[in-house]
Structures are given as C-alpha cells and as structure tokens.
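Undergrad: For the record, the sequence lines run as chains A and B.
Under our numbering, residues 867 to 1119 are what the first sequence spells out, in order.
Under our numbering, residues -18 to 355 are what the second sequence spells out, in order.
Worth flagging that the hints you see were computed from the coordinates, not collected in a lab.
Warning: the hint list may mix true and false statements.
Stated by the list, open to error - Covered stretches of chain B (in silico footprint by chain A; criterion: 3 or more residues with CB under 8 Å from a CB of chain A, positions within the stretch not fixed):
hint	stretch
1	-16 to -10
2	270 to 280
As the list claims (entries may be wrong) - Each computed EDC-like pair below joins lysine to aspartate or glutamate, with the alpha-carbon atoms no more than 20 Å apart:
hint	chain 1	residue 1	chain 2	residue 2
3	A	Lys980	B	Glu264
4	B	Lys80	B	Glu137
5	A	Lys944	B	Glu264
6	B	Lys196	B	Asp30
7	B	Lys280	A	Asp945
8	B	Lys343	A	Asp1002
9	A	Lys986	A	Asp1010
We put the CB at the ideal spot given by N, CA and C, even for glycine.
Below are the chains, spelled out letter by letter.
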Amino acid sequence: MQPAIAVRQLTKTYTEGSNGTLALSGVDLDVHSGELLMLMGPSGSGKTTLLSIMGCILTATSGSVRVADREVSSLREKDLPAIRLEHIGFVFQGFNLFPTLTAGENVELMLDLKGTPSAKAKKRAHELLDQIGLADKYDAFPSDLSGGQKQRVAIARALAGDPGIILADEPTAALDSHTGRNVMQQMTELAHQRGRAVVIVTHDSRVLDFADRIVKIEDGAIAAPNVAATLDMPSLPMRGLALHMPETGLSLA
Amino acid sequence: MPPLAQRNLFHDKVRLTVTLTGIVFAVVLIVVELGLFFGFTVTTSNLIDHAGADLWVTSPKVPYVEMGVPFSERKLNQIRAVPGVGDAEKLVAQWTQWKLHDGSQESIQIVGANPDSPLGRPWNLVEGRAEDLKDPDAVILDEIYKKKLGVTHVGEVFEVRGHRARVVGFTRGIRSFTTSPYVFSTFKHGQDFTSMREDQTTYILVKAAPGADLKQVRRGILAQVRNVDVYTTAEFSHMTRFYWMFTTGAGVAVLIAAVLGLVVGFVVVAQTIYATTMDHIREFGTLKAIGAPNSYVYKVIMKQAGISAVIGYALGMIVSFFVVQASQKGGAAILMPMPMAVGMFFLTLAMCVGAALVSINKVTRIDPAMVFKG
C-alpha cells in the first residue's frame, strides 16, 4: 500500500539575505493511512518545518514529497492550496478558529471552501459537531468555549473536508492533561477507526503513549525513525506504557 | 458562505466605529471640498445662468460679467431688428454703494432689467414678486445679505448712491462670488443707482425666436451692430467662471483644497481599511493554510471593504447633508448636486476597494506557515 505521505531526501534551507540556515537535511519518512505518528525533538530541530512541508504549506529546497500519491515538491505555490484543501486537515496549537464565527460556522467554512452547498454544509457541520460531542455548541462563539472544546471544534473543521491526512501542531500544548488526553483519544480514533494518516508534532510527554510511532528529529535530520523500536519496545501502539528515556529527554507516563 | 466578512466588521464594535468614522470623515471632507468648489463655480456665473438669455451682447473684450463696460442703448433697436431675435432687453450690472441706517456703506452690484420681461429678473423669490420692482424705488436682494446690508424686513428704505431704495422682496440662494451682493432693480432705477448715463446699458440680453439658429442669430448681430461682442450664455458663463476660478487664483486654491480633500480622504480610508484587514491577518493566514485559494480571501476582504463603503457613505452623506444645509445660511455655498452625490458613492466604493487592494497585497504575501507560530 502506498504511504499517505512519502518524503525522500528532503532538504529545506531558509535564506535571509545572503545567509542560509539549513532546517532539514536528507529527511526520509513515510506516513501510512491508519497510523498516528508523532514528531518529537527539541525546539528548532525542524519538526514544524517538516510538518509544514508535508502539509504543502512550505516548499522544499530539494527532495521529493508525495502526498496522496502525488508529487507535490514540483508544484507551483499557487497550486498548493488545492492539495491542502483536498487531502489535508490541520489542527493548530492555538486552535486558529475564526473568532467572529460560531463553532458551527467554523466547520461550515471548510465545507464552503470545498464547494458544499450551504444547506448541506450546515447539516454536515451539525453531524461533525455531534460526533465530537459538541452538538449543543453549534451557535457558540469560540470565546465561549473551553480550550478543549475549541480544539475539538478545530478537529471537526479539519475533518469537514474529509481529508486523508491530519496534521497537528502541538494540539495539546494549550490544554490541561485531562482535556489533552481527550483530544488525543479523538486523534487516535481518526487514525485507527477512520483510517486517516495522523501526524502530530508535540513536546507533550503526557500524550506520547497514544503514538503508533515516534520519530525523533534533531538538527534537521531524523535522529530516530522509531523511538520505540530503538529502545527495543515490544510493539506499538504504546498506550498504557510508562517509559522514561533520559538519553532522549522523553518520558511516557 | 459563512458571513466572515460581515462578522469581521461587526464583531468588534470599537473597530467598526473607528473604521466607519474614518470613512465618514473622508466622505464629509471630500463633499465639503468638492461642494465648495462647485459652489464657487456656480456662484461666479449665477447671474448669467439665470438671466434667461440665449445670447449676451457686451462691449468688446469684456472678460467677465462684473466687468461690463457701458455702451449705447440704441444698439437695442438694431439688435431687435436682426432676424431670429425673439426678444432683447437691456441689463445694467454695475457696482455701487449701499448706505446702511448707521451711515456706513457697503459695496453692492446693481442688476437692473425690465421687470415686464423674463430676461434678467430676480429668481427664487421667497418674499415679494419680481413685478414689485415696478414700484417706485423698489429693490430686491437675497436674504443671506440681510445682515450685511442692515435689512430686516420688506418695506425698509435705504439709500443707494444718493437715491432712495425700498426693499420689496427677498430671494434665496443668489450669492455673489465677490463680497458685493446683487441688488435687483428696474433698468431705470439701476441707471439711477449707478453712474451710468441714461442712454447707456451694460449688456443686452437676447432671446432667440423659437426655432431660430443661435449661431446665425449671433452672426446677424455681429454683422449689423458695431463694436460689440456676442456670447452664448454658456460661453459667457464659462468665461466668467474661468476668470474667477483660475485667473484670480481663488478657484485654484479651492481646487487644490478639493484635490487635497480627495487625497486625505483616500489616505484616511486606506489606513482604516488596511488596519481592519491587519486586525484579522492571522485569520486570513489560517484561511490560506487550510486551503482557501487567494480568490476566496480577496472576496472576504473586498466584501468587508464594500460593506464599509456602503455604510460609511450613507452616514457620511447624512452628515454632509446637514453641513450643506448649514452652509446655505453662511457666506460660502457648499453645493451637492445629485450627480455629485451619486458620484460620491462610487468614489467611496473605489476608495474602499482601492484601500482593500493595498491590504490584499499584504495578505497575498502572508506566509501560511504563520499559523504554526503559537
């Protein structure tokens, strides 16, 4: 089976004036449908850059990026929004909901972008909010929602476009431990029960046990393609395991 | 489409107030400056445009209406004999002095014509009738000059260059571009009130016969009457406007003010719309990140600008209406003719859309990766 995302020999250099900063170098990575993959690493290691390139938000300096079996690294910048819209759902650390729209309208917006007729979009938005347990919050503005509720609305919005890939940047960073785990529960469900390829960038050691695979990035390169395998973990998913890895700074509770 | 543009505008009432205040300010500023320009322009040629004549016969080389040089009134009969002339009347338009009750004097312009003819009569009367000018010593003046000339009511008697002048009526909105108000009288009284000889006139107003070719009538007058110039009303009006507006520099100053009003208005609107867009820059970044094409983002920004323009225009015109009304009682007329009011709508829309284009330029360059920055 083709991976949902396939990255080969990916390099990204940020240039500012005559200076260039190498953010990623020779990265190879496959993400499969039905898999929840976590990208970990210290700040500045390149994990968000990798997520942005896999999400067709940034373009690579060199290398190959295939999304849903389509080479995207050679596409022009103006063609990338269509790929994002078609195949990728985003969940952000800061939720990035539109504060002037209600929860329902936030979800509807995504459907509108995909050309769904208004009445159908409204119905679908209701269904999606219902699925994440927020059916009664359709008319609530983001300012009236808790952090966890906002993130669930963001997940509903990401799902509205029915993408095969969900990319999440620190989705639990702004949430308390209980809410964070609830959100992760839903992300896991997206991968395992709905067959989405889910990639999560996180620093949050409290949620590592939800990962099917943990990829560690350091200095723009993959330091460990499967942290669990490196540490001779029996199998993944690792839910329920308690783990401490002093050499990597990771700990699983 | 979820109402993102409307919500962005109306969600933050303070921002909305600031945005609309900026647009209203720009609209009022432009209306006032352009209205002053139009007002000045119209005022300079008021007398010519309302005299009811098709042609103005003047002494040679008269540059504008206030500079009329007296010539023999006997030319009137020659002109009446020209084929195609339907009616012709003498008009005296001369500067003179109005003596107030306290003994002080004010400069005025006497406009005297035959009260039995429609040519050269006062218009827009709010008190009295044009026919009342036939009364002994009768004069009619505009109500805005009552205070300046010390007039309080009809029937008051004043002195004009040693002659009795009795106020028999008031007009409304007949301003003079100079500081000297127009005072209407009969032609005979006009001669008395000024230093003109009895056999002289300042102008002869000509009304062409129905169906007559105006160009031919003019050629006929020029062929049969010596030492005169003949202008159509439009020509003489244009000459007078041009003189006051550009030769004296007065109009240039008003025109520059009008252009500055446009520029300042546009800058205010641009800054306002730009700030409104920038307030939501993160949301536009999110829109782009989740896959919205640029056209979708532009639509939202343009819609915001369009709604702002419509509301700002409506409020601005309400304020402008009161400013225009207030100006009618003042010394300087601010005019807002219907084409200008309609034009202002499109100008406001253009300003807002233009300002939005500046914002769009910024939004186009948003790095969608900004959404990953906290």
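Undergrad: Hint by hint, say whether it matches the structure.
TA: So, going through the hints one by one against the coordinates:
Check on the stretch -16 to -10 of chain B: 4 of its residues sit with their Cβ under 8 Å from a Cβ of chain A, so the three-residue criterion for coverage holds. Counting residues of the stretch 270 to 280 of chain B whose beta carbon lies closer than 8 Å to any beta carbon of chain A gives 7, which reaches the threshold of three, so the coverage claim holds. Taken as a hint, the Lys980 (chain A) and Glu264 (chain B) pair is honoured in the structure, with Cα atoms around 18 Å apart against an allowance of 20 Å. The straight-line distance between the Cα atoms of Lys80 (chain B) and Glu137 (chain B) is roughly 12 Å, inside the 20 Å bound, and the hint therefore holds.
The hinted pair formed by Lys944 (chain A) and Glu264 (chain B) meets the criterion: a straight-line CA distance of about 19 Å does not exceed 20 Å. A threshold of 20 Å between alpha carbons decides the hint, and for Lys196 (chain B) with Asp30 (chain B) the separation of about 19 Å falls inside it, so the pair holds. Restraint check for Lys280 (chain B) and Asp945 (chain A): the C-alpha separation of about 19 Å stays at or below 20 Å, so the hint holds. Between Lys343 (chain B) and Asp1002 (chain A), the direct Cα distance comes to roughly 38 Å. Violation of the 20 Å bound is thereby established for this hinted pair.
Proximity of Lys986 (chain A) to Asp1010 (chain A) is assessed by CA-CA distance (about 26 Å); at most 20 Å being required, the pair is judged violated.
The earlier numbered hints that this structure contradicts are 8 and 9.
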